[in-house]
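J.: The chain contents come next:
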Amino acid sequence: KNEVEQSPQNLTAQEGEFITINCSYSVGISALHWLQQHPGGGIVSLFMLSSGKKKHGRLIATINIQEKHSSLHITASHPRDSAVYICAVLPLGGGADGLTFGKGTHLIIQP
Amino acid sequence: DVKVTQSSRYLVKRTGEKVFLECVQDMDHENMFWYRQDPGLGLRLIYFSYDVKMKEKGDIPEGYSVSREKKERFSLILESASTNQTSMYLCASSLPLSGRGDTQYFGPGTRLTVL
Chain A
1 KNEVEQSPQN LTAQEGEFIT INCSYSVGIS ALHWLQQHPG GGIVSLFMLS
51 SGKKKHGRLI ATINIQEKHS SLHITASHPR DSAVYICAVL PLGGGADGLT
101 FGKGTHLIIQ P
Chain B
112 DVKVTQSSRY LVKRTGEKVF LECVQDMDHE NMFWYRQDPG LGLRLIYFSY
162 DVKMKEKGDI PEGYSVSREK KERFSLILES ASTNQTSMYL CASSLPLSGR
212 GDTQYFGPGT RLTVL
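Chains A and B supply the protein sequences, listed in that same order. Okay, so the first sequence: first residue is 1 according to our numbering, each after it adds one. Okay, so the second sequence: first residue is 112 according to our numbering, each after it adds one.
The set of hints was computed from the structure by calculation and includes no laboratory data. Note that the structure is a prediction, hence the values are computed from the model and not measured. No residue lacks a Cβ here, since even glycine has one placed at the ideal position from N, Cα and C. Hints are all accurate, no fakes.
Every beta carbon over 12 Å from chain B, so not counted as near; a handful from chain A, in silico:
id, residue
1, Phe18
2, Ile19
3, Leu59
4, Asn64
5, Lys68
6, Ser71
7, Pro79
8, Arg80
Keeping only pairs whose Cα atoms sit at most 30 Å apart, straight-line, the calculated DSBU-like set for lysine-lysine is:
id, chain 1, residue 1, chain 2, residue 2
9, B, Lys168, B, Lys181
10, A, Lys55, A, Lys68
11, B, Lys114, B, Lys181
12, A, Lys53, A, Lys68
13, A, Lys55, B, Lys114
14, A, Lys103, B, Lys166
15, A, Lys103, B, Lys168
16, B, Lys124, A, Lys103
17, B, Lys114, A, Lys103
18, A, Lys54, B, Lys114
19, B, Lys181, B, Lys164
The shape of chain A in the complex, shown without the other chains (with noise of 0.2 Å):
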């Protein structure tokens, strides 16, 4: 079974520090995704991952495939980018069920 760890479980930080979330998991994946959850729910994708990096504006996401280890980054944090933090990844062929999620890491950027 695949199991996917995210770590910390909660962070908080003050405004401008560098922020580094951590995602391992079990099983060789075709592809990693990362979401961003709001206080009210809503969740957006910020990123999917298959190889190397990649960078949209102040986030940056890194995954490591030999390793089964992703990081998301976030520079220069602001206290709009406390949110929930999501790790998802899918299992190599597809996988009957779709995305595998970690439990999600609680950011807290105070002003």
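Fit chain B to the given chain A structure using the hints.
T.: For chain B alone, kept in the frame of chain A given last:
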């Protein structure tokens, strides 16, 4: 932009009631999913559908059923609501799964309370 809408943001029902949660997407996606999200447990897949009238059980289908009569609409049904079904319910849709995986687009969620 892909839009996934859910029929209600907040819903309060009584134990034993039959509850319908509706999800509609406007991007002609083949795949649709229903999840529930609970503190400490993350997102868990209840059911998914990869085509009209097709459905597959996810990780926690007990106490739920689904209906997909039209491509754009995927309904989650609680046949007899129970208090342990109090949760946030999220619908998502995507293009067919490929070897690389496709982005899932989520609705805003329905927070269901069963009294």
